[in-house]
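Student: Here is how the chains run, residue by residue.
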Amino acid sequence: MSAHESIREASSLLARFEMSSEELVRRDLGRAQALSELNAFISLLPDEAIAEARRLDGMRRHGEILGPLHGIPITAKDLVWSKGQKTTSGSKIDADFVPDRDAPALASLRAGGAVLLGKTNLHEFAYGVSNVNPHYGAARNPWDRTRISGGSSGGSAVALASGVGYGSIGTDTGGSIRIPSALCGIVGLKPTYGRVSREGVTPLSWSLDHVGPMARTVEDVVLLYEAMSGESIEAPESSSLRGLKVGLHRRYFFENLAPEVEASVGSALTALESLGASIVEIEVPEIEIQGSCRNTIAFAEASCYHEKNIRTRPEAYGEDTRELLRLGLLIPATDYLAALRARRLVVGAFRRAFEAIDVLAAPSTPAAAPPIGASALENGEDLRSGLLRLAGPFNTTGFPALSLPCGFTESGLPIGLQLAAAPRRERLLLRVARAFERQSSLGSSPAV
Amino acid sequence: MLEDLPPAEAGRLKKRFDAWREAMDRLKSKAPWAREDEPLFASELEKES
Numbered sequence: 541m542s543a544h545e546s547i548r549e550a551s552s553l554l555a556r557f558e559m560s561s562e563e564l565v566r567r568d569l570g571r572a573q574a575l576s577e578l579n580a581f582i583s584l585l586p587d588e589a590i591a592e593a594r595r596l597d598g599m600r601r602h603g604e605i606l607g608p609l610h611g612i613p614i615t616a617k618d619l620v621w622s623k624g625q626k627t628t629s630g631s632k633i634d635a636d637f638v639p640d641r642d643a644p645a646l647a648s649l650r651a652g653g654a655v656l657l658g659k660t661n662l663h664e665f666a667y668g669v670s671n672v673n674p675h676y677g678a679a680r681n682p683w684d685r686t687r688i689s690g691g692s693s694g695g696s697a698v699a700l701a702s703g704v705g706y707g708s709i710g711t712d713t714g715g716s717i718r719i720p721s722a723l724c725g726i727v728g729l730k731p732t733y734g735r736v737s738r739e740g741v742t743p744l745s746w747s748l749d750h751v752g753p754m755a756r757t758v759e760d761v762v763l764l765y766e767a768m769s770g771e772s773i774e775a776p777e778s779s780s781l782r783g784l785k786v787g788l789h790r791r792y793f794f795e796n797l798a799p800e801v802e803a804s805v806g807s808a809l810t811a812l813e814s815l816g817a818s819i820v821e822i823e824v825p826e827i828e829i830q831g832s833c834r835n836t837i838a839f840a841e842a843s844c845y846h847e848k849n850i851r852t853r854p855e856a857y858g859e860d861t862r863e864l865l866r867l868g869l870l871i872p873a874t875d876y877l878a879a880l881r882a883r884r885l886v887v888g889a890f891r892r893a894f895e896a897i898d899v900l901a902a903p904s905t906p907a908a909a910p911p912i913g914a915s916a917l918e919n920g921e922d923l924r925s926g927l928l929r930l931a932g933p934f935n936t937t938g939f940p941a942l943s944l945p946c947g948f949t950e951s952g953l954p955i956g957l958q959l960a961a962a963p964r965r966e967r968l969l970l971r972v973a974r975a976f977e978r979q980s981s982l983g984s985s986p987a988v
Numbered sequence: 371m372l373e374d375l376p377p378a379e380a381g382r383l384k385k386r387f388d389a390w391r392e393a394m395d396r397l398k399s400k401a402p403w404a405r406e407d408e409p410l411f412a413s414e415l416e417k418e419s
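Heads up: the sequence lines are chains F and L, in that order.
Going by this note's numbering, the letters in the first sequence line up with residues 541 to 988, in that order.
Going by this note's numbering, the letters in the second sequence line up with residues 371 to 419, in that order.
It should be emphasised that the hints constitute simulated quantities derived from the structure, not laboratory data.
Yeah, the Cβ is synthetic: ideal placement off N, Cα and C, and Gly gets one too.
Fair warning: there could be bad hints in the mix.
[To be verified] Below, a list of computed lysine to aspartate or glutamate pairs in the EDC-like style, where the Cα atoms sit at most 16 Å apart: (1) F/K785 to F/E859; (2) L/K385 to F/D922; (3) L/K398 to F/E828; (4) L/K384 to L/E373; (5) L/K384 to F/D860; (6) L/K400 to F/E828; (7) F/K848 to F/E828; (8) L/K385 to F/D860; (9) F/K623 to F/E604; (10) F/K848 to F/D634; (11) L/K385 to F/E863; (12) L/K384 to F/E863; (13) F/K632 to F/E859.
[Said to hold, decoys possible] Examples of chain L residues lying across from chain F (beta carbon under 10 Å, computed): (14) L375; (15) R382; (16) F387; (17) W390; (18) L397.
Construct the entire structure; sequences and hints are all you get.
Tutor: Below is the structure:
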């Protein structure tokens, strides 16, 4: 839960004419400007947002309501194309790119009445997990500004945790929705591969890229996901999880965790049991190869997309992105194809594992947010591979997964619980997340 | 490509490539896909979604 109102609460204020969409938009633009040192945004769209809010307020006065998102301010990661507005992908290369259309994911939210406030900061071309962007600044964690937000959808997570906008569109190729959600204390859903259109979203690695919603609560994520996917998620009649089997894969997901993460996720498992769920231990040996599989695919696909620019304008990229893109140029086609074939084994193994369980529970990250500039996490793992380790398996498989808050470290940094399910079981995933959220008492927001 | 880069950059890239090569060789030694010749993954879940 959050100190800021939910979409339903804001929608109710709008319905009773206690606030207008224009007032919500102006308030959130003001917050964003006041918090500019957090570097959550690459661009704010005050004129467009206020004009759209006025149009939607006018419709409401005439009784025309587009849905639960009518007049609700949102943001989008700045690689989601927005018609007529700069979409930089956090890069110098695309600094002046102006798309001629909205990405369908954004168009569906706009069609439901959402108002785009601005485009959020990201790791350059979404190719990293720190969100320390060499061109637009590091997105700073609102719980501790000296720490990273996580990435690559870091600006979206920072905006939401700071109370700016009610939802955001993120993308996730190895954890880029779930990692910043966990580190900033919000909720992020990576749906099943292909469930939300990737069209009009600048790719990183097309066979691993996912588009999904981020928000402060599971309820809000549900509303955004319904609009983005067209799937209807009914509210459950009760929070009981009786009969639900929660899978634990201890040997991979519970190895080498920071002690406070281990304790928080352990408490979350106890809470799920108290709601009626039972814990089932599972083992998927193929998990050992999914990381190399994903790295090889991502390196090759990203460098394929960027080939011309990385060969002709390497200096236009930041150092870490440039190095990864050069690495991708060295990957033989035979290894890329071997990785694609190995992925089929991994997917098959996870499909079989999910026949015995309903959801899998794990930490979202092995440690809380590290300081900006750190090269390792608190548990000693390398920053990049450590943050990707627990989220990445669900990009390799394409299975849906989400992160939601489950606790705080003693120094006040958020900790995320990750839940994953079999393909197209978002409804189940969100039901479990909603039940967990209802029983948790994490009612705080950063003092920004 | 490595020979065209400044030595420090080339060194870092070579180290990263070697680490990737080692991990990929480990993967290949563990994945018995000799009989795996069906269509690639990329289109599967998308078709089902």
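Student: Output the numbers, in ascending order, of every earlier hint that fails for this structure.
Tutor: 1, 7, 9
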